[in-house]
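Using the sequences provided together with the hints, build the complete structure.
Taken in sequence, the protein lines are chains A and B.
Heads up, the first sequence is in our numbering, so the first residue is 544 and it goes up one at a time.
Heads up, the second sequence is in our numbering, so the first residue is 23 and it goes up one at a time.
The set of hints was computed from the structure by calculation and includes no laboratory data.
You may find that some hints are simply not true.
Stated by the list, open to error - Just a few of them, taken from the derived set where beta-carbon distance is under 7 Å, the chain B residues facing chain A:
1. Arg-296
2. Gly-300
3. Arg-307
4. Pro-316
5. Asp-320
6. Ala-329
7. Leu-332
8. Ala-333
Using N, Cα and C, we set each Cβ at its ideal position, and we do this for glycine too.
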Amino acid sequence: MRVVIAEDHALLRDGLIRLLKAHDFDVVEAVDNGPRLVPALVEHRPDVAVVDVRLPPTFTDEGLKAAIEARRQVPGLPVLVLSQYVEQLYARELLTGGGGAVGYLLKDRVSNVAEFVDSVRRVAAGGTAMDPDVIGQLLARNTRDEPIQRLTPREAEVLGLMAEGRSNAAIASALFVTEKAVSKHTNSIFAKLDLPPSEDDNRRVMAVLTYLSSH
Amino acid sequence: MPTSLNTRVAVMPLLARPFVALGLAVLAEIGIAFFVLQVVATPLVIVTVGIPLLLVAIPATRWYANVHRSLIGTLLGVRIPRPYRQANKPGPLRFLRTAASDPATWRDLAWLIVNATLGFVMTLLSAVLFLSMIFYLIYPFLLAVTPDGVFDRPMGGLFHLDHAIKGFYMWPVAGIAFLLWYNFGRPLLTGYAKLSKSLLGPTKAAELNLRVQQLATSRAETVDTQAAELRRIERDLHDGAQARLAALSMTLGLAESMVGRDPDQAQQLLTEARESAGHALSELRDLVRGIHPPVLADRGLDGAVRALALACPINIDITIDLPGRAPAPVESAAYFAIAEALANLVKYSAASTAWVQLTYENEKLHIMVGDDGVGGAEIRPGGGLYGIQRRLAAFDGTLTLVSPTGGPTTVIMELPCESSSLKITPSSGTA
Chain A
544 MRVVIAEDHA LLRDGLIRLL KAHDFDVVEA VDNGPRLVPA LVEHRPDVAV VDVRLPPTFT
604 DEGLKAAIEA RRQVPGLPVL VLSQYVEQLY ARELLTGGGG AVGYLLKDRV SNVAEFVDSV
664 RRVAAGGTAM DPDVIGQLLA RNTRDEPIQR LTPREAEVLG LMAEGRSNAA IASALFVTEK
724 AVSKHTNSIF AKLDLPPSED DNRRVMAVLT YLSSH
Chain B
23 MPTSLNTRVA VMPLLARPFV ALGLAVLAEI GIAFFVLQVV ATPLVIVTVG IPLLLVAIPA
83 TRWYANVHRS LIGTLLGVRI PRPYRQANKP GPLRFLRTAA SDPATWRDLA WLIVNATLGF
143 VMTLLSAVLF LSMIFYLIYP FLLAVTPDGV FDRPMGGLFH LDHAIKGFYM WPVAGIAFLL
203 WYNFGRPLLT GYAKLSKSLL GPTKAAELNL RVQQLATSRA ETVDTQAAEL RRIERDLHDG
263 AQARLAALSM TLGLAESMVG RDPDQAQQLL TEARESAGHA LSELRDLVRG IHPPVLADRG
323 LDGAVRALAL ACPINIDITI DLPGRAPAPV ESAAYFAIAE ALANLVKYSA ASTAWVQLTY
383 ENEKLHIMVG DDGVGGAEIR PGGGLYGIQR RLAAFDGTLT LVSPTGGPTT VIMELPCESS
443 SLKITPSSGT A
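What follows is the structure in structure tokens.
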């Protein structure tokens, strides 16, 4: 699987390269600044890009902007954005590009190697990987909204995991229940939130996030 | 919803002006009493009787002058600040000493005289022009209803009118009086207001003095706040991330020594170490947010306030109209003020919706945060709003709270900020 990395810290860049190579990724290019990122992505068209939000020359949200720009030029280009902090505003901007195949994770998550690699693969496969912090904020924010309050605690838990981008199977194993139980929960969530059910992981997340952020 | 709360000087109706002028003229003459009181009291200080007398005379004069300051401010639209020095310790003798060395005391006296003479003439003239217009307008009527010889010499014996109809001869004079009043009535009053201001307002030196006092206070507060902030950061780093990293390095050392002998134990230690590193990172993240939120560095006030609103558990309407980015310190102060105001709002207001409005006008950043909650908020020492007020004071900014019991609450903040720096939009490279 071919991957492009954008990270300005040499230590972190080398770490990422090492980590991904150890898990059979082919790192085709690693850039250390924003302006070089878009051409690199457009030229290589990797299976997935792992991008730091803050990059030179502005050291602000250069990486995020470059990722959004690259996705504009190459629709559906899978991008996983890493950041020292997560901001709902940025999560929304990434998602409003449409089409899924995006991820937005705290850099801390990289240290849980298995989960991180799973997230990269999920994004490469066109799925979504949202940081639990983003989802947590979204869920907490809307506690006063009625439809969300109609969910049982278990359903809220399932909704959270679903919004992170996990499949029913992954949710089932995370909660130690059967996959059938999970799909029962999801159906009931969709019913309560008045959303048409769908088998597509990405559309589920989009629906959930759109619902949550529009209120 | 947001409403502009600019204080406006009430525009006085045209016809109220002559009567205000008349009132001011009468007041001006009453002022002589205060002058006499003080002038008599001052030499009597030598025989000590003057001391209690002055203790009455000076405050009385100041009260009288203050009445004029506010009258001139509200009626004539010329704001006159109060120039008096505050004695740094209480006590009647201290008060007298401060008052004696305060130029404002002597300027008040001078004003009493000027007000009773020139000021009297100006206000009275403004009133008389109007009253004489009325007088000459009703002159035919006066001539008709009064016996001969009472009202038949309208210009003070210059000529004589022998018939009521001839009273209409005076109407052109009424016209002239009207024109004079219409053209000069207002300038006379404005002139009076400016004359008063020249003596009742603080001198340049006094103004500077006051400013220096304000700046010294706000600087002391700023230094205090900064020092407290640094102490907090130091403590957080020392007790939090630093301690965790030390523990982490110990755990790693232990794992290193055990990797050969007991791989399972080493594996467990490594997992522990990873979790510990995660905690350290999240503590550092919180600390960084508290110092300067990354989204503020990235996107400026606009984006940062929107991000704040997204994280808020209630719906917030946001209106932002800024020509560019403010200087970093102003941006930061504004951001933390809004964050604190919103945190307060979420905690206490029980509101279901709130709004934030950010505009730039008259070289000032105007921030309003409002809600539809229960109201009754107040600025208490140690409270959140008090903290904002102090922070803003460092920038010459102000915080005003409108929060009647029962709501709604509006927090109005103003931060001076030069337009030149706001219009250039630098994407600050030092984030």
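Right, here's what the structure says about each hint:
1. Arg-296: Nearest chain A Cβ about 5 Å off; hint holds.
2. Gly-300: 5 Å, holds
3. Arg-307: 5 Å, holds
4. Pro-316: 5 Å, holds
5. Asp-320: Hint on Asp-320 (chain B): holds, closest Cβ of chain A at ~4 Å, below 7 Å.
6. Ala-329: At about 5 Å, which falls below the 7 Å cut-off, the nearest Cβ of chain A leaves the hint on Ala-329 (chain B) intact, so it holds.
7. Leu-332: It holds, given that the least Cβ distance between Leu-332 (chain B) and chain A is near 4 Å, below 7 Å.
8. Ala-333: Given a least distance of 6 Å, the restraint on Ala-333 (chain B) holds.
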